[in-house]
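Enquirer: Using the sequences provided together with the hints, build the complete structure.
Residue numbers (my numbering), protein chains in the order written: chain A, 1 to 472; chain B, 1001 to 1472.
These are computed hints drawn from the structure, not numbers from a lab.
Hints may contain errors.
[Claimed, not checked] Just a few of them, taken from the derived set where beta-carbon distance is under 10 Å, the chain B residues facing chain A:
1. Gln-1095
2. Glu-1100
3. Gly-1221
4. Gly-1230
5. Val-1234
6. Asp-1321
7. Pro-1337
8. His-1368
9. Leu-1426
10. Arg-1440
[As the list claims (entries may be wrong)] Okay, the calculated beta carbon distance ranges per label pair:
11. B:Gly-1262 x A:Leu-375: 29 to 39 Å
12. B:Gly-1119 x A:Asp-366: 24 to 34 Å
13. B:Gly-1262 x A:Gly-99: 52 to 62 Å
14. B:Gly-1369 x A:Ala-12: 58 to 68 Å
15. B:Asp-1307 x A:Arg-70: 39 to 49 Å
For glycine and all other residues, C-beta sits at the position ideal for the given N, C-alpha and C.
Here is what each chain is made of, one letter per residue.
Number of protein chains: 2
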Amino acid sequence: MSSAPAPAAPAARVQEHISRTFDRHLGQVRRFVRQVSISGEDRGIGEMADLVAARLREIGARAEVIATARHPVVYGEIDAGAPRTLLLYGMYDVQPVVGERWSVSDPFGAELVEGHPQGPSIVARGVYNSKGPLACFLNVLESIREVEGRLPLNVRFMIEGEEELGSPSLPAFVTARRASLAADAGYFPGFEQDATGNAVLRLGCKGELFFELVCRGGAWGGPTRRAVHGSTAVWYASPPVRLAQAIASMFSLDQRTVTVEGFRDGAEPPGAEDEGLLAALAGRFDPRTQLETDEVRRFTHDLWGVDLLRKYVYEPSLNVDGIVSGHPGEGTKTILPHEARAKMDVRFVPRMRADRVVRRLRDHLDRHGLGDIELRVDHAFPWSKVSVTEAPVRAMVETCRELGFEPEIWPLQASSAPFYLLTDELGMPFVTGGLGHGARAHSADEYATVAGMELYERGAAIFLYRLREILG
Amino acid sequence: MSSAPAPAAPAARVQEHISRTFDRHLGQVRRFVRQVSISGEDRGIGEMADLVAARLREIGARAEVIATARHPVVYGEIDAGAPRTLLLYGMYDVQPVVGERWSVSDPFGAELVEGHPQGPSIVARGVYNSKGPLACFLNVLESIREVEGRLPLNVRFMIEGEEELGSPSLPAFVTARRASLAADAGYFPGFEQDATGNAVLRLGCKGELFFELVCRGGAWGGPTRRAVHGSTAVWYASPPVRLAQAIASMFSLDQRTVTVEGFRDGAEPPGAEDEGLLAALAGRFDPRTQLETDEVRRFTHDLWGVDLLRKYVYEPSLNVDGIVSGHPGEGTKTILPHEARAKMDVRFVPRMRADRVVRRLRDHLDRHGLGDIELRVDHAFPWSKVSVTEAPVRAMVETCRELGFEPEIWPLQASSAPFYLLTDELGMPFVTGGLGHGARAHSADEYATVAGMELYERGAAIFLYRLREILG
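Expert: In structure tokens:
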């Protein structure tokens, strides 16, 4: 990682072509985000999988839509006759929009907002997470083929439609198709510049456990089969109160501590490489920008610098995604509900294991006299982590530098993705991200800037040629 | 209250006429419940008010639909040229059905279920609470006029469409029309036999305070304007966790005690009349029947007999009607919500006051470091209470006895209604109830038995003649 060499000639030519044809490329992004593909609501999934396969064929790939237990995986291949192969892992599904207040009329309208605070942007579900980056990456492959005739690497594609559900079908898919997924490196595309333009690179992700707590009336008390009149709360116990007690019992009042005994069991402290990365990061990371971006007024912990970053990267989190009990609508309905449910997730850090966390949560409820509360695991997958020394990471760092950005390198991202399937199951070096800027994943007014998308594409072209050089 | 005298001749004739024409009467009940009238959703209110007014005119009343700030009151009068006047207070609105699982295809279908465990019954929203009893009472007036030509009492009608909203417009209505509501006694019709056939009479009701707790991100932490990605819970605090802490802080773990300091301030213990009633009740009341009816397996308190009844009647309750936060739908949406809301109600007992309870709740939140949680009062109204010695109560007791039932007399009902408007604002003696059986108010499969409705009507005929005698 010495000073950046001059760009390779093909990458320069491709970048020029990208800039010249970017209007067309942006059209491909909008085509992808206009197709609704909400995995959690089974909306538009088949249509989106077909669209992705069609796009792969347009850029010269062999592509097929492969059924799974739930939503299909789009598999594809471009054999460039190259000595090395890249596995492109992507996702074509998105989060629901129900309950969100968007400033554009249609979250799937792919509207170009000229006056966006970050500059002209597409404001739409999926444009940042993650159909936008996927569409841009495919545009780059198309440009390379148009300019150079052939790609510097063979590319295999595994593009799933269940990422937002925790990728339940992907492990079996990977196991069954190990041979056709073999590659020298893996890549998941993303727009990873922050709101101030810093290039950000994250060397892995936390594991995820998504579960539900369900409290219903039973032997402990409370209505068992239906809500009863609210006035009977004078002599019957309440499932929503009991669920609130369960949730409250898991946190200190200031929410700085998860009070589930053994919750962090197995968590390991940062090693030397990561401590070095955190120290470098602390000099650049601006906590105020983070708070402003998320519209939050303070961090839970009174920490700054390396200590704040270490919390973020190396602390597991316990989160309440939603609570539902009783009458969901407007107006008064005076009932004592028979059921209360909370959806919750744990993001766990290296060496922690989902099955152990589940046992600790179960033990906690039992010890607190809440043994009747059901803990239903929806899904879980492990953390994943790579080193700065691995080939695709080095290629991405050099890409950033070539375009004038010294990347902020994070040992981990706090959010989760099944990258372990590439790093641990398939055993390949891996990197995620790229240049470009977007934000508000899983939130209203998700967006990506137009200028950022063009920059992403130019970077991706460089990345592919650099990766070929480094892989040798 | 010596042994029951023989029925008055007119009442006997009217009862015979009721039994002969009951099929037609049941048709009137079904006509009322078939008209949707959900006050909380503004559905069918105008149509229902017009239907009630039309029915009043059919039975010979002068009737008008009087606008209020929200839903109209149906006011009516029958001048029978009698020396005494009864004020009939009724309601034409019902609870929502959303989220409930009914065994009939349409909660407003007024379906006759022949095989109902309690005998042939109408299973429908409002047939028990309270359009069924209202329709039956109007049937009785019609029968009296058909058989006897004139009523034993003048009757005034005040039938509101906001009872399930806490009657927000009724106090102003009563204040504005005090003169036209003047009467010697008040009555609210109901089917008050329990599932084993016991006749039940309740001498008043608890007060009600309905409020919402709203927790949003702010200076204390948490997302302020929109949900953010769930993984950021590692360094941001959570509004739903904070709301759960607020709710949990208000109850002991076993839910036997409301731990809000001063919550019961002003509550007075039962007087001699009520202790006597409770003692008599304890010999008859079967807690197991109550548990079976409500499908609950145990009471919160390990109490039986008078102690259990005293709790029910003289203990204020704090109840969670519903909680909403985050993604309401199916599937996973991994977010850190910016808002959590709980709808709650307090049922408070004699000498407690809603404004004081609100202050105690506010103080409790502030003292627990939860001062940012907003407490929004939706509505409140006082408790109301009458004595067994008052004329309409005596008339109702004698009615039950004449038909072979020795009533269980409860000093209060735990649920609430704005009866204080009659007892305290208009200052008249008052009674609620009647024979007949129904159940599942505010719940799926609300029902009333056909045999019970006929018995109610026969009792109501007796009641009117007895009341005329007692009023003198």
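Enquirer: Each of the hints needs a verdict: does it hold here or not?
Expert: Do the hints match the structure? See the list:
A distance limit of 10 Å between C-beta atoms decides the matter here; for B:Gln-1095 the minimum to chain A is near 6 Å, and the interface restraint holds. Checking B:Glu-1100 against chain A by beta carbon gives a least distance of about 7 Å; that is within 10 Å, so the hint holds. At its closest, the beta carbon of B:Gly-1221 sits 5 Å from a beta carbon of chain A; the interface hint therefore holds under the 10 Å criterion. Interface hint status for B:Gly-1230: upheld, as the beta-carbon distance to the closest one in chain A is roughly 5 Å, under 10 Å.
At its closest, the beta carbon of B:Val-1234 sits 4 Å from a beta carbon of chain A; the interface hint therefore holds under the 10 Å criterion. Proximity of B:Asp-1321 to chain A holds as hinted, the smallest CB-CB distance being about 5 Å (cut-off 10 Å). Taking 10 Å as the C-beta cut-off, the interface hint given for B:Pro-1337 holds, the closest approach to chain A being about 7 Å. Interface restraint check for B:His-1368: the shortest CB-CB distance to chain A comes to about 8 Å, inside 10 Å, so the restraint holds.
At about 24 Å, the closest approach between the beta carbon of B:Leu-1426 and any beta carbon in chain A exceeds 10 Å, and the interface hint on this residue is violated. With 10 Å as the threshold, the beta carbon of B:Arg-1440 comes within range of chain A, its nearest partner Cβ sitting at about 8 Å, so the hint holds. The hinted window of 29 to 39 Å between B:Gly-1262 and A:Leu-375 holds, with their beta carbons roughly 37 Å apart. Between B:Gly-1119 and A:Asp-366 the C-beta distance comes to about 45 Å, which lies outside the given range of 24 to 34 Å.
Against the hinted window of 52 to 62 Å, the Cβ-Cβ separation of B:Gly-1262 and A:Gly-99 comes to about 37 Å, which falls outside the hint. Checked against the hint of 58 to 68 Å, the pair B:Gly-1369 and A:Ala-12 passes, with Cβ atoms roughly 60 Å apart. In this structure, B:Asp-1307 and A:Arg-70 break the distance hint of 39 to 49 Å, their C-beta atoms being roughly 55 Å apart.
Violated hints, in rising order: 9, 12, 13 and 15; the structure is consistent with all others.
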